[in-house]
Amino acid sequence: MRVVVADDSVLLREGVVRLLEDSGFEVVGQAGDADDLRRKVYAHKPDVAVVDVRMPPDNTDDGLRAALEIRARQPETGVLVLSQYVEEGYALDLVGEGGGGVGYLLKDRVADLDRFTDSVRRVGSGGSALDPDVVARLLGRSRRDDPLEEITPREREVLELMAEGRSNNAIAEALVVTERAVEKHVTSIFGKLGLAPTAEDHRRVLAVLTFLRA
Amino acid sequence: MTSLRRALWLLAFVGVVGGAVPMALAIGSDHLDNRALNVVFGPLIGWAFIGTGLFAWWRRPENRFGALMTAVGFTWCIAGLSVADEPGLFIAGLLLGALPYGFLVHMLLAFPRGVLEGRLATVVVSAGYFVTTIMQFTWALVYDTTREECGCPPNPLLAWDNQGVADFLYTAQSILAIVVIAGLIVALYRRWRGMSRVQRRGLTPVIFTGLVLAVDLAITLAADLSGVSGAAEEVIDIVGLSLLASVPFAFLAGLLSSRVSRAGAVGGLVTRLADAPRRGELRDALAEALDDDSLMLAYWLPDTASYVDARGHPVRIPAPGSGRGVSHVERDGRRVATIVYDASVAEDDPGLVDAIGSATALALENERLDAELCARVEELRGSRMRLMEVGMAERRGLERNLHDGAQQRLVSLALTLRAARTRLGGSEDGAGELLDRAELELELAISELRELARGIHPAVLSDRGLPAALESLAARSPVPVEVGVLPAERLPEPVELAAYYVISEALANVVKYAGATHATVDVARSNGDVLVEVGDDGVGGADPARGTGLRGLQDRVRALEGRLAVVSESGQGTRVKARIPCG
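The listed protein sequences derive, respectively, from chains U and F. All residue numbers for the first sequence refer to the working numbering, where the first residue is 1 and numbers rise by one. All residue numbers for the second sequence refer to the working numbering, where the first residue is 1 and numbers rise by one.
These are calculated hints, taken from the structure and not from any lab test. Where a beta carbon is used, it is the ideal one built from N, C-alpha and C, also for glycine. There could be a bad hint or two in this list.
Covered stretches of chain U, as calculated for chain F (at least 3 residues, CB under 8 angstroms) [to be verified]:
1. 10 to 19
2. 55 to 65
3. 77 to 91
4. 101 to 111
Full structure from sequences and hints, please.
Below is the structure:
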């Protein structure tokens with residue numbers, strides 16, 4: 001899988017590159033700022049770009065903005081955005097209205113090798129990956145008439161894992177239950193949230209998030 | 001009695017006599033078309049100009065205007081000699097017959113300062129003298145006075161009797177005179193346009209009288225050229241003479257009344273200031289006394305060696321030559337204030353404004369102290385704002401340094417540790433366990449640093465504005481928070497930050513003290529202000545004086561000229577409200 005890595009911290013960028021290469025990814029380009037990132041991504045057309053939120057030239061959310069642009073202009077490239085802070089706003093921007101191919105992780109998750117490479121792979125193949133903290137915060141928000149109140153604790157666990165972008169299989173593994181049990185929970189959740197169930201992983205996340213941001 | 005006064009009295013005497021002579025001559029003249037008109041207006045106009053001219057001369061000796069007016073009067077009287085039957089007197093009157101108009105043009109353009117301003121005025125006046133002297137004299141040399149049916153005495157100066165040349169010269173003179181009058185009208189109009197508001201108010205009637213007179217003279221000349229005669233000519237004559245007779249009075253009135261009398265102004269002012277004036281009233285009183293709406297008072301601050309107005313805002317004293325007069329007021333040898341006024345106010349009485357200043361020095365000193373206090377407050381307000389801005393900038397910088405430095409390094413350290421552990425494999429000397437612990441510690445350190453950096457400055461606020469930042473704040477609050485409708489547009493940065501910190505601190509207090517189950521956050525715009533309100537359904541009874549948190553917020557909001565209020569009845573929940581001006 002071909003990857004472009006963008007981060008203005010050389011130290012960290014090289015750490016991530018080494019880690020990805022060790023795990024069998026092909027890093028085709030490195031960028032130190034948002035403009036450089038756009039150039040490299042449009043030139044190399046990688047499967048996925050791993051992007052730091054805060055980058056030059058403005059040192060605000062330049063990386064995120066570049067990522068959104070890339071998604072709009074070159075849908076075959078997925079973007080996995082790394083952020084120093086958990087910001088639901090950033091995550092919701094990424095998820096947007098469109099399809100998958102997006103991810104949002106706290107920066108320090110890169111040290112959790114398996115999870116990180118799994119996320120890169122998922123985003124690179126059109127799926128999605130959201131940081132558990134972001135998901136927890138989105139689901140934990142208080143709302144006036146909270147439909148999540150009807151959801152059982154078990155269903156909530158399933159919903160959180162779903163929101164992270166996990167497949168039913170992975171959820172079953174994580175919760176140590178059968179896949180059939182997970183399917184039942186998912187159907188029940190969709191029923192309570194008034195959503196039509198679909199087969200695709202990332203569509204489920206989108207459905208959940210679209211509902212959450214409404 | 002000064003020599004000037006003596007000379008003026010002498011001139012007055014000569015003038016009275018000089019005016020009477022043509023009247024006497026007119027009564028006995030045997031070559032006069034309109035005896036009554038001459039008998040009445042001849043001396044009347046002469047006396048009017050001489051009398052008012054001498055009066056103006058006496059009141060404003062340094063102003064040549066009075067002398068010019070007097071000259072018009074005298075030449076008018078001499079011109080009156082043309083009614084004499086004696087050829088010598090007759091020709092003298094004829095020679096100087098046009099000169100009063102030359103002086104009149106000069107006088108009109110020299111009003112009110114007695115000097116000509118601008119090239120046009122100089123050209124017009126010079127041309128006027130040329131037409132009324134040299135052309136008149138030349139014409140007198142070729143004009144056979146006995147030829148016409150007027151029954152005039154013979155012309156002793158007649159050098160070359162040529163009717164055609166005489167007629168040509170007469171026509172040329174009249175046409176040139178009309179041109180001069182046209183120039184006069186243009187110059188007067190320009191003059192009026194160039195006047196300050198204060199000048200204009202006083203002088204408009206005068207200039208207007210001059211303009212009407214000029215137009216009438218032009219009509220008279222044009223009528224003469226085109227051969228109008230009979231009743232029409234008489235009407236034009238009477239109107240012209242009446243206007244001419246009224247001009248000196250209009251100009252004298254203008255000259256005197258457009259000026260403020262020193263005694264009147266000072267007296268009225270002192271009476272008015274007997275009641276202690278409120279702030280700003282002093283300026284109004286002075287402006288009224290000097291009849292100058294543009295008057296400005298600047299108070300001197302010795303500490304900063306600068307000027308401020310009554311409210312303590314810095315003001316600048318105009319440079320010399322800007323059309324503004326400047327008068328410094330001192331008290332006990334120390335500068336108190338400076339009066340800046342329309343320079344035309346003191347044109348004729350340069351000491352007037354100084355006199356006004358001295359009379360009001362005490363009141364000015366009082367107001368100066370007030371202004372100084374205001375200026376101090378203003379300065380403190382400014383420095384508080386600057387301090388806060390510096391603080392904000394420093395926090396932003398600190399957060400950025402943490403983000404770009406320590407945070408990145410720690411994450412990259414985590415990567416290295418992870419790599420080390422992979423490299424180590426299944427070593428059994430306990431190193432793996434140590435690395436596990438190190439990784440755990442590191443994870444905690446990273447997350448603590450993250451919270452610290454966010455507390456120092458929320459990056460999302462700068463990036464995304466209040467809605468995103470509040471969303472984030474609400475999401476991490478242990479007490480459920482309902483965020484209401486927020487302003488759609490971005491607020492100015494200091495306001496945004498202040499609003500954010502008010503909400504963040506208030507929500508922290510809700511969690512710590514209120515025992516609430518629910519909190520609300522609302523931000524709205526109202527009349528250029530931002531209203532922030534954080535409410536909860538907790539125990540209430542919060543004391544705004546308690547703790548440094550609320551006081552810090554109070555300072556932050558006050559630095560932006562805003563207000564913070566805490567309403568917290570026991571058992572009624574707590575509402576923290578802030579109103580922050582938006583720019």
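Status of the hints after comparison with the structure:
1. Three residues within the 8 angstroms Cβ limit are the bar, and the segment 10 to 19 of chain U against chain F gives 6, so the coverage statement holds.
2. Judged by the Cβ-Cβ criterion of 8 angstroms, the segment 55 to 65 of chain U is covered by chain F as claimed, because 3 of its residues qualify and three suffice.
3. Against chain F, the segment 77 to 91 of chain U contributes 7 residues with a C-beta closer than 8 angstroms to a partner C-beta. That satisfies the three-residue criterion, and the hint holds.
4. With 4 residues having a Cβ less than 8 angstroms from any Cβ of chain F, the segment 101 to 111 of chain U passes the three-residue criterion, so the hint holds.
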